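In order, the protein sequences belong to chains A and B.
Mapping to the UniProt record's numbering: the first sequence position 30 is 30, numbers consecutive.
Mapping to the UniProt record's numbering: the second sequence position 59 is 59, numbers consecutive.
FYI, nobody ran anything at the bench for these hints, they're computed from the structure.
Remember, it's a predicted structure, so these values are computed and weren't measured experimentally.
Some hints could be false.
Said to hold, decoys possible - The calculated DSS-like cross-link candidates involving lysine-lysine, where the alpha carbons are at most 25 Å apart (straight line), are: (1) A:Lys-21 - B:Lys-21; (2) B:Lys-10 - B:Lys-21; (3) A:Lys-100 - B:Lys-21; (4) A:Lys-45 - B:Lys-65; (5) B:Lys-100 - A:Lys-79; (6) B:Lys-100 - B:Lys-16; (7) A:Lys-16 - B:Lys-45; (8) B:Lys-16 - A:Lys-57.
2 protein chains.
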Amino acid sequence: MLKTAIEMDKAAMIFKLLGDKTRLTMVKILDAHDCCVCEFVEIFKASQPSISQHLRKLRDVGLVKEERRGQWIFYSINKAHEYYPFVQQILEPLPDQDDKLEQLEESGGRITCC
Amino acid sequence: MLKTAIEMDKAAMIFKLLGDKTRLTMVKILDAHDCCVCEFVEIFKASQPSISQHLRKLRDVGLVKEERRGQWIFYSINKAHEYYPFVQQILEPLPDQDDKLEQLEESGGRITCC
DNA sequence: TGCATATATAAGCAAGTGATTATATACTAA
DNA sequence: TTAGTATATAATCACTTGCTTATATATGCA
Numbered sequence: 001m002l003k004t005a006i007e008m009d010k011a012a013m014i015f016k017l018l019g020d021k022t023r024l025t026m027v028k029i030l031d032a033h034d035c036c037v038c039e040f041v042e043i044f045k046a047s048q049p050s051i052s053q054h055l056r057k058l059r060d061v062g063l064v065k066e067e068r069r070g071q072w073i074f075y076s077i078n079k080a081h082e083y084y085p086f087v088q089q090i091l092e093p094l095p096d097q098d099d100k101l102e103q104l105e106e107s108g109g110r111i112t113c114c
Numbered sequence: 001m002l003k004t005a006i007e008m009d010k011a012a013m014i015f016k017l018l019g020d021k022t023r024l025t026m027v028k029i030l031d032a033h034d035c036c037v038c039e040f041v042e043i044f045k046a047s048q049p050s051i052s053q054h055l056r057k058l059r060d061v062g063l064v065k066e067e068r069r070g071q072w073i074f075y076s077i078n079k080a081h082e083y084y085p086f087v088q089q090i091l092e093p094l095p096d097q098d099d100k101l102e103q104l105e106e107s108g109g110r111i112t113c114c
């Protein structure tokens, strides 16, 4: 078995989780950089509870971790997750989302918390 | 850009489509063999309308094609689909589902239509 | 033609999803 | 302590999903 082998029901669960543009983009971003909640709120132009709820779904599965740094909570990819190699393989062909963080930096949105 | 490059919203759409165990398994099976509807009904122990509706979602996106052969309608993967290379890459680490068709053959389920 | 089989479609419904609004919790700084 | 900021959670709701049952359509065969 390859290291990325995964059962069908687990794979379907992962796809369902990533079958939302916001969550998919979050995971793609997190695979490259840690991010705090307020950054996601800016990037997606979404409400804070909406972002929080998406992050919770990712966290419930264990795909991301949270870590408080003072006033802010940073999220990161859980590279130790059983299916991280599978997810990484899935994310690989997707366009990198660095532009989103760059735009944020230009507009000063990243200064507040990072 | 790699040949499997895909925009985020399209990728999310594909993941949502495959984020269902029945559809994911269907696509994995179809990537290896054509199948007719009655085989899926047997394999998944599901109702015929339920199978038909899953197949319709796959067909609506263009990921599978249908072809009537007499009384039966066979489905196959549309290898010409814009995102087929992406889907193929996704399916690759999943366990092959050949056992399902073998079991069907042993139980005589495949004799009727194929 | 008439009946059986295979499949698609429509309607209805319970459960799930993703948003919003309101509120609670935790930390920082004055 | 009090006020302000960041985040999570709860309640609610419109919308979607995937199933069921019922029916329509298309083919094969007597």
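Now the hints, each set against the structure:
Distance hint between Lys-21 of chain A and Lys-21 of chain B is fulfilled; the C-alpha atoms sit about 20 Å from each other, no more than 25 Å. Restraint check for Lys-10 of chain B and Lys-21 of chain B: satisfied, since their Cα atoms lie roughly 20 Å apart, inside the 25 Å limit. Between Lys-100 of chain A and Lys-21 of chain B, the direct Cα distance comes to roughly 33 Å. Violation of the 25 Å bound is thereby established for this hinted pair. A threshold of 25 Å between alpha carbons decides the hint, and for Lys-45 of chain A with Lys-65 of chain B the separation of about 38 Å lies outside it, so the pair is violated.
The hinted pair formed by Lys-100 of chain B and Lys-79 of chain A fails the criterion: a straight-line CA distance of about 33 Å is larger than 25 Å. For the suggested pair Lys-100 of chain B and Lys-16 of chain B, the alpha carbons sit about 24 Å apart, so the restraint of at most 25 Å is met. In summary, the hint linking Lys-16 of chain A to Lys-45 of chain B is supported, as the alpha carbons are separated by about 22 Å, within the 25 Å threshold. Between Lys-16 of chain B and Lys-57 of chain A, the direct Cα distance comes to roughly 15 Å. Compliance with the 25 Å bound is thereby established for this hinted pair.
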